[in-house]
Amino acid sequence: MSAIKVRIHRLTWQWIAQIEDAVWPREGPLPASSKIQFLQMHNGIGKTTTLYLLRSLFTGIPPDPVTYARARYKGPKKEVGKSKFSVDLEIDGRPCILGLFLDTESCEHEFFTVVAGAGLESGWKPPHSFKKSFGNNPEFAELFLFDTQQAGAMTESLPAHVVDTAIREVARLAGVHDLITKGLDQIYESKIDQMGEGDGQRILTRTRNAIAKLEEIVKTRNGELDDTKKLVSKTQVDLTDAVKKKGELEAESALREKLETANERIAKARDQLATHTNALYHLYLEPSNLPPSVWSTVQEYYAKLDDLRIPELIASEVVDRLLEKGICICGEPLTQVHQKHLTAFKERMYGADVVQEIFSIKNSVKEATSGAGNVETVIEKARGAKEKLDIERGVYRRLRGRLTGDVEKRLKLLDKEIGDLRGVESGLKDAQKAIDCSDSSEIDANPQYTGKAFLATGELSQTASDYDSCRNLVVIRRGLRQLRQKEANVQGVARMRMAHELVEDTMRLAFDKVMRRMKDALLEEANLHLPQLQTTGMRIHSFDEGIELVDQQGVLQRGANTGGELSAQYSFLMALRKLGEIDVPIVLDNPTKGLDGTAANAFQTRLPSMFDQCLMLIYPLERAAIGDLVKRADHLATLHRADEEVSGLAPDGRAAVGPVVVNEDDSWFVNYDPPRAEV
Amino acid sequence: MAAKFILTKSAKAYFDKLNKASATGSLKHDLEEWWLCAQAGLVANTLGGDPEPGSKDTVEYFIKSLEPAQARIRGLLLMRHLERVDAGGMKRELLESEMGKLLAASDTKLTDHGVKLLNRYASAGFELIRDEIGSQSDLYVFMLEYDSLIKRLSAGGVEDTTAAD
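Protein chains in written order, with this note's numbering: chain A, 1 to 679; chain G, 1 to 165.
Keep in mind that the hints were calculated from the coordinates and are not lab data.
Treat the hints with care, as some may be off.
Listed next, with one range per pair, are the computed distances between beta-carbon atoms [stated by the list, open to error]: (1) His338/A / Ala2/G: 35 to 41 Å; (2) Lys9/G / Asp307/A: 42 to 48 Å; (3) Asn363/A / Ala87/G: 57 to 63 Å; (4) His338/A / Gly54/G: 27 to 33 Å; (5) Asn374/A / Lys9/G: 32 to 38 Å; (6) Glu367/A / His113/G: 52 to 58 Å; (7) Lys9/G / Ala344/A: 43 to 49 Å; (8) His113/G / Lys366/A: 21 to 27 Å; (9) Ala2/G / Ser296/A: 57 to 63 Å; (10) Leu413/A / Lys9/G: 55 to 61 Å; (11) Ala303/A / Lys101/G: 19 to 25 Å; (12) Arg402/A / Gly54/G: 49 to 55 Å; (13) Lys101/G / Lys366/A: 45 to 51 Å; (14) Glu332/A / His113/G: 39 to 45 Å.
With a straight-line cut-off of 25 Å between C-alpha atoms, the simulated SDA-like cross-links for lysine to any residue are [unchecked claim]: (15) Lys362/A / Met90/G; (16) Lys304/A / Arg84/G; (17) Lys362/A / Ile310/A; (18) Lys91/G / Ser370/A; (19) Lys28/G / Lys304/A; (20) Lys20/G / Val661/A; (21) Lys64/G / Asn278/A; (22) Lys17/G / Leu27/G; (23) Lys182/A / Glu224/A; (24) Lys20/G / Glu264/A; (25) Lys101/G / Thr506/A; (26) Lys151/G / Ser370/A; (27) Lys362/A / Leu27/G; (28) Lys388/A / Ser26/G; (29) Lys47/A / Glu139/A; (30) Lys519/A / Thr506/A; (31) Lys64/G / Val318/A; (32) Lys388/A / Leu18/G; (33) Lys366/A / Asp107/G; (34) Lys151/G / Lys47/A; (35) Lys366/A / Leu27/G; (36) Lys366/A / Leu18/G.
As the structure is a computational prediction, the values presented were derived from the model and not from experiment.
We put the beta carbon where it would ideally sit given N, CA and C, even for glycine.
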């Protein structure tokens, strides 16, 4: 038998977000057989607003300023009526309407309730079972009225108080918990009061004043403990965030190192290119390296001159010597005629320098083989170097494109922030430990935990003011217990006091055992679901400190990515739903946001079967990711403007301005494709 | 005073611009730039005019980087000149006389006429470089283009624009 059974039958909006006046479903309540419903609207119409207003109606907690701002009418109509939102529910088989009148300008509200036979009543007055489960219990309600975006944005999984609250609710242990933490003490106090005054009235009054004072201190310390835990939690979230950012920046920093390497490779490639270019230009300082067609022509020309013995290779100095001696090379004296011939012959002759130079030219041309091949080799090498340079430049440009500015500066700032946050976290944890430490040897070793609560004799003080400086709750409670014992003794009710303490201890023990069993069963069940929703091998390690996750290697993780977080929370919810036997509808806003393909597929096949009613608020783009689920849904509706076509525009191509209507046509639902500004 | 090799004003400006912008090295000496021009002119067998006013005298000898090639440079010059004056007739007297006009016992082993002739080839060669290669900002690209130009000229691919001798 279900602990509680709730079903959503109808939603009504008046002047909410962009909705003027709409009712879903259009005719009558939703059939009891309907399990999966889709409400489709593009962003801004009022999807998330609907979810948050439902949370207010489930918990009786007024909307927060953000929800007021969301709910304020922003549609095209000039004259606006009073904002109203209500939900028709069936709670344990009985109909009940919960609603809200909203003044979105002044942020004022008025709850109203309609139950059978009583008509409309002001205030939030659902049936007792509903009130007990959801009333003033946002953590529990939010598990079913699920904002995927908010859950995905969490950097840490569900905290302990949310998990514990949910387990207490589904296990119906909330009342027992209240009894242990508050109720028993109240009963005991009232019994003591009933016993009236007796002897030792003065001692009794003083003792009672001390008790009251210590109770006040316990309350204060509990408040401080809650605040400190919240601050620790927030600091850890900030710290995780900063570490994550640092990781991203370090990756960028690593990119810088790669850039430096790429730069060095560019410089090296450029040096190589310069070396080959230099070699090429030096080769062109040598004429024999000219193309063979040129250089062989030169060589052939000089060979021809050689063949023709041009020029005559006798230097003019030889003739000078013959003329000077007056004797021919045959030994005969030169006649005048001979001398005249030789003089004329000499005029056509060069000096020894020129003759030598002609020799030199001829020889150097003949001996120099063509170096054109060297030119081609060097050009090939230079082209190769240029290609390498272009490749390295491409690598550099691609790396550069991934880099953002001021990385080093931002890393330094983040390092400082992380250092500061770690300091804050450590300080807060010390402060928390001072309050909730229960290890007596540790308490004894830290006098700052106890202040003046202990006397020089080692006994606890019975003077209330000595506890002002005591931080530790265990010590204060011991002092309180001692004072109550004294009070009981003075009144002669020691036995009752003992009985009270025995009952309290026994109930606490029993409660802890039940919670332990519930957590173990939940853990087993949730870990059956989690592998279906993700493929990373992540598991839930324990629910003792909220949801604690471990990776495939069993290493504890502080939170996971969006898909991982959602998968863990969905798994917890599925397990809770099964073990708690609660029939509560789940309402999901943007259900697939953050889920990858595997998780989205698993989500479609597993989640709906776990709930008797699953209402999904989606935007059109999301439809494609959950096509299978859309096919299995038994109610599809779209909220759109009356003059809007499936294209998202009015027939004349302009923006639609008609009132928002509820369209339950399936074909319209699957074809709706407004301009995509909504991602 | 012996004649000097002359890098024309335009050529000097052209190579200064190239050297300044190039990321793959630069041409180190004016005379090397002059020779790349002269070589192009000699391969094309094209003579230019006298260097324009404001052109820069360099030196009257072959610098170290050109020293090993100087005999072949003179050889190329001599061949072009002899071909031009003899037109393939291979007349001994004419050729021997023309050799005497170009070669001398100077540092360059060239007469002033020989140096001036080389300067005219350099002038024509630069015109070819400027027209065919165009303005360049990288020595690597310039040298590839130069190589391509020399190959085209060797194959007779560029129109002869010889100035009056």
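So, going through the hints one by one against the coordinates:
1. His338/A / Ala2/G: 35 to 41 Å: holds (38 Å)
2. Lys9/G / Asp307/A: 42 to 48 Å: holds (44 Å)
3. Asn363/A / Ala87/G: 57 to 63 Å: violated (26 Å)
4. His338/A / Gly54/G: 27 to 33 Å: violated (56 Å)
5. Asn374/A / Lys9/G: 32 to 38 Å: holds (33 Å)
6. Glu367/A / His113/G: 52 to 58 Å: violated (27 Å)
7. Lys9/G / Ala344/A: 43 to 49 Å: Hint holds: Cβ distance 47 Å, inside 43 to 49 Å.
8. His113/G / Lys366/A: 21 to 27 Å: The hint (21 to 27 Å, Cβ to Cβ) holds, given that His113/G and Lys366/A are roughly 25 Å apart.
9. Ala2/G / Ser296/A: 57 to 63 Å: Violated: the Cβ-Cβ distance is about 33 Å, outside 57 to 63 Å.
10. Leu413/A / Lys9/G: 55 to 61 Å: holds (59 Å)
11. Ala303/A / Lys101/G: 19 to 25 Å: holds (23 Å)
12. Arg402/A / Gly54/G: 49 to 55 Å: holds (53 Å)
13. Lys101/G / Lys366/A: 45 to 51 Å: Violated - the Cβ-Cβ distance for Lys101/G and Lys366/A, about 23 Å, lies outside 45 to 51 Å.
14. Glu332/A / His113/G: 39 to 45 Å: This hint holds: roughly 40 Å between Cβ atoms.
15. Lys362/A / Met90/G: With a Cα-Cα distance of about 16 Å, the restraint between Lys362/A and Met90/G holds, given a limit of 25 Å.
16. Lys304/A / Arg84/G: Answer holds: Lys304/A to Arg84/G is near 16 Å, not above 25 Å.
17. Lys362/A / Ile310/A: holds (11 Å)
18. Lys91/G / Ser370/A: The hint is violated at about 28 Å.
19. Lys28/G / Lys304/A: violated (37 Å)
20. Lys20/G / Val661/A: Measuring from Cα to Cα gives roughly 73 Å; hence the hint is violated.
21. Lys64/G / Asn278/A: Satisfied, since the Cα-Cα distance of roughly 16 Å is no more than 25 Å.
22. Lys17/G / Leu27/G: Holds, at roughly 11 Å.
23. Lys182/A / Glu224/A: holds (18 Å)
24. Lys20/G / Glu264/A: holds (23 Å)
25. Lys101/G / Thr506/A: Answer violated: Lys101/G to Thr506/A is near 130 Å, above 25 Å.
26. Lys151/G / Ser370/A: holds (14 Å)
27. Lys362/A / Leu27/G: violated (30 Å)
28. Lys388/A / Ser26/G: Holds: Lys388/A and Ser26/G sit about 21 Å apart, inside 25 Å.
29. Lys47/A / Glu139/A: The given pair, whose Cα atoms are some 20 Å apart, holds under the 25 Å limit.
30. Lys519/A / Thr506/A: Status holds; Cα separation ~20 Å.
31. Lys64/G / Val318/A: violated (34 Å)
32. Lys388/A / Leu18/G: Holds - the C-alpha atoms of Leu18/G and Lys388/A are around 23 Å apart, at most 25 Å.
33. Lys366/A / Asp107/G: holds (23 Å)
34. Lys151/G / Lys47/A: It is violated: about 76 Å lies between the C-alpha atoms, which goes past 25 Å.
35. Lys366/A / Leu27/G: Status violated; Cα separation ~29 Å.
36. Lys366/A / Leu18/G: violated (36 Å)
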